[in-house]
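2 protein chains.
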Amino acid sequence: MEKIDFIANGTVTTPHGFMAGAAAADIRKKKDNRMDMGILCSTEMCNVAGLFTDNQIKSPSVILCQKRVLEGKARAIIASSGCANASTGEQGFASAIEMTALAARVIGAKPDEVLIANTGVIGMQLPMDSIRAGMNKITVKTDGGHDFEHAIMTTDTQPKEVAVTVKSGGNTFTIGGVAKGSGMIHPNMATLLSFITTDANVTPAYLKKSLQDAAAVSFNMVSVDGDTSPSDTLLIMANGLAKNELITGKSGMADIFQKAMNEVCIYLAKEIARDGEGATKLIEVNVKNAATLKEARQAARTIVSSNLLKAAIYGNDPNWGRVTAALGRSGTQVEESKLDIYVGKIQIIKQGTHVPLDKVKATSMLKQKEVSITVVLNMGAARATAWGCDLTEQYVKINAEYTT
Amino acid sequence: MEKIDFIANGTVTTPHGFMAGAAAADIRKKKDNRMDMGILCSTEMCNVAGLFTDNQIKSPSVILCQKRVLEGKARAIIASSGCANASTGEQGFASAIEMTALAARVIGAKPDEVLIANTGVIGMQLPMDSIRAGMNKITVKTDGGHDFEHAIMTTDTQPKEVAVTVKSGGNTFTIGGVAKGSGMIHPNMATLLSFITTDANVTPAYLKKSLQDAAAVSFNMVSVDGDTSPSDTLLIMANGLAKNELITGKSGMADIFQKAMNEVCIYLAKEIARDGEGATKLIEVNVKNAATLKEARQAARTIVSSNLLKAAIYGNDPNWGRVTAALGRSGTQVEESKLDIYVGKIQIIKQGTHVPLDKVKATSMLKQKEVSITVVLNMGAARATAWGCDLTEQYVKINAEYTT
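Quick mapping for you: the protein sequence lines, in order, are chains Y and L.
Per our numbering, residue 3 is the first one in the first sequence, and the count goes up by one each step.
Per our numbering, residue 3 is the first one in the second sequence, and the count goes up by one each step.
Among these hints, one or two may not hold up.
[As the list claims (entries may be wrong)] Straight-line Cα separation of at most 27 Å, DSSO-like style, residue types lysine-lysine; simulated pairs:
1) 369/Y to 245/L
2) 361/L to 399/Y
3) 31/L to 31/Y
4) 69/L to 352/Y
5) 399/Y to 371/L
6) 272/L to 399/Y
7) 399/L to 369/L
8) 69/L to 340/Y
9) 352/L to 69/Y
10) 31/L to 369/Y
11) 69/Y to 112/Y
[Said to hold, decoys possible] Ranges between beta-carbon positions, derived for each pair:
12) 211/L to 361/Y: 44 to 50 Å
13) 3/L to 56/Y: 49 to 55 Å
14) 93/L to 251/Y: 51 to 57 Å
15) 291/Y to 360/L: 43 to 49 Å
Worth flagging that the hints you see were computed from the coordinates, not collected in a lab.
Glycine is no exception: its CB is placed at the ideal position from the N, C-alpha and C atoms.
Build out the structure end to end from the sequences listed, making use of the hints.
Encoded structure:
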């Protein structure tokens, strides 16, 4: 018997042996006493894997974290919001190293057992005095996951947390996750910041593979604004405390582990899209019958990223030509005469030609909080789903005033 | 002696032998009696060349126009706004063919001597009854260029017209141009609609080459919103009436002709960026010392297209990290430690690290109507310039209500 269940109020400290804590370290410029720094750790050493931004300009924190993840083992993550520690050169490296050492002291670990992730404004140095003082205020607790999530939020309006319990034969294990959005979201390898924990007993190789596969159908299929951050970091820590039979790529439990990973990551990715900066609606784009998986993904992401479509959906304007315009520039093979497009269940394009629409009905479909678009290419058998959000005046307002 | 002079109030009917006219044909849904259909023609047969959208989903009008341009000769262009005639299938083809035949009758030409371009809402059929009635109202005149330009405008707030006189040795000729923006602008081969006329005597082969070269440094370096239209059309008509010594790729006048073409196209491209939907500012991004020309162009276009940067510039927010974030995801080779970035003349990134800024000074630089950003990669010798505009609440408002 195999079963995946969502756990009420689940988070990264739901799996056995994980603890977290956070503090207001005054890293962000607005001294509003909001929590902005947190530690997530395991009582036992963990197998770890990570995916990082493809942006060529990576923050010193990302470069340090990548190096440590390559070792395959870690016990903790120090994360903060308010300052991304990007474009900060040598001084930025020194700050990142010191920050992990300070966190290591709090939990009694070695500095190189601590991973790091920072999010926030690019092009300013980490305020190390505030960070040193703030670190002393952190206490890690078994129910500290919610505080940790709040500490990594920037323009997010909602925390993004999840946990699932997996039962398979006589084995039970748990996977938890948190994420933050909500601007500069068009991930290429991973989203801005997301941390997954599990008490499952998994080999390092399969941990890495399942993280990659889960990211491919979740974080890498989300776009808020087409901009990829220099800080994107997705990390997983597995401490093995569930004492399940070891999961490898070949074991019977590989499939259910992957399925649970996908559920956790898709949940978080959709929450990021739904809570995109200024967003009022979640947009889901399904591309079916594409010639290749790569093309299906590319078409879905291009459509869900179109400023024009996003603005039309915000305004409940059934301007469906914007779907075909985005599809046509996506690089995906299209034969217009084979193309069918649906919004919800209503067909709007049939064999490449628009279907006359009942405008009232069309507009009412758009007034939902979730708008689903399905593009059927009839070129092959591949499919993909991408998520995004509408483009609103509020998005502009948030980003016109971000550092001021 | 070689000289290029801009002509006051110049437009497409400024070169010898060109005439134009327009009418309100009620093509757009708002029956506001605005001019929305126009004919541009030459008294003599012209050599013609064209560049069209790379969007795989092209409007029937684009497909018809491409076919006729391949013949190399034409006498007129029929253009309209309000309906793009895209996603309209067989009926759309029939309408496009009829529209050119109707226009041919007005000026006494053959149908296949008439080119066509339509812009406006995608996914609706051309209202042929209105077009038949409207066509009878058009009279072409030697000063009709301004009316023609007004007839192709959609959300443009300003007409975009230009003409230059070129003197070279004993030869004098004129080049005129018009364009319309102002949304769905991220051209790939050409911009939405732009028409160039010249009385110069030019071989068809060099006409085509010079149009391609001019588009590469002008229309193809402009972005308003990252969306490529299914209607992008750039056409040039050359009637030879200036009776200058024939311009070929090898003649002495090839260079000055290209230079004048570039001036005309860059002028129009910048006007499109400046008048982007909802825009309050023109943004110019110069990329210098790139490894290759392709990379220089790619970096300039990616930066000028970043929603986040565009919103920050709108809000006078010196959030320069958004320049490096966009550069890093552009695919262009970057070595962070070699990177210098300037806004206006003020250096903001030196060898990859941010330079502490006087915030008051930085903000005041942003309050200009034109903001210039220079990225020096120090990886080679190639350079490129791209133009765009800021992202405002007004852009969202325009596009949330476009068809409603």
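These are the hints, each one checked on the structure:
Taken as a hint, the residue 369/Y and residue 245/L pair is broken in the structure, with Cα atoms around 61 Å apart against an allowance of 27 Å. Between residue 361/L and residue 399/Y the alpha-carbon distance is near 20 Å, which keeps this suggested pair within the 27 Å criterion. Restraint check for residue 31/L and residue 31/Y: the C-alpha separation of about 49 Å exceeds 27 Å, so the hint is violated. Straight-line distance between C-alpha atoms of residue 69/L and residue 352/Y comes to about 26 Å, which keeps the hinted pair within the 27 Å bound.
In summary, the hint linking residue 399/Y to residue 371/L is supported, as the alpha carbons are separated by about 19 Å, within the 27 Å threshold. A threshold of 27 Å between alpha carbons decides the hint, and for residue 272/L with residue 399/Y the separation of about 25 Å falls inside it, so the pair holds. Restraint check for residue 399/L and residue 369/L: the C-alpha separation of about 23 Å stays at or below 27 Å, so the hint holds. Between residue 69/L and residue 340/Y the CA atoms are separated by roughly 23 Å; this keeps the pair inside 27 Å, and the hint holds.
Distance hint between residue 352/L and residue 69/Y is fulfilled; the C-alpha atoms sit about 26 Å from each other, no more than 27 Å. For the proposed pair residue 31/L and residue 369/Y, the alpha carbon gap of about 23 Å is at most 27 Å, so the pair holds. This hinted pair checks out: residue 69/Y and residue 112/Y have alpha carbons roughly 15 Å apart, not beyond 27 Å. Distance hint check for residue 211/L and residue 361/Y: the Cβ-Cβ separation is about 47 Å, which falls inside the suggested range of 44 to 50 Å.
Under the hint 49 to 55 Å, the C-beta atoms of residue 3/L and residue 56/Y, about 53 Å apart, fit the expected range. At about 54 Å, the beta-carbon gap between residue 93/L and residue 251/Y stays in the expected band of 51 to 57 Å. The hint said 43 to 49 Å for the Cβ distance between residue 291/Y and residue 360/L, and at roughly 57 Å that hint is violated.
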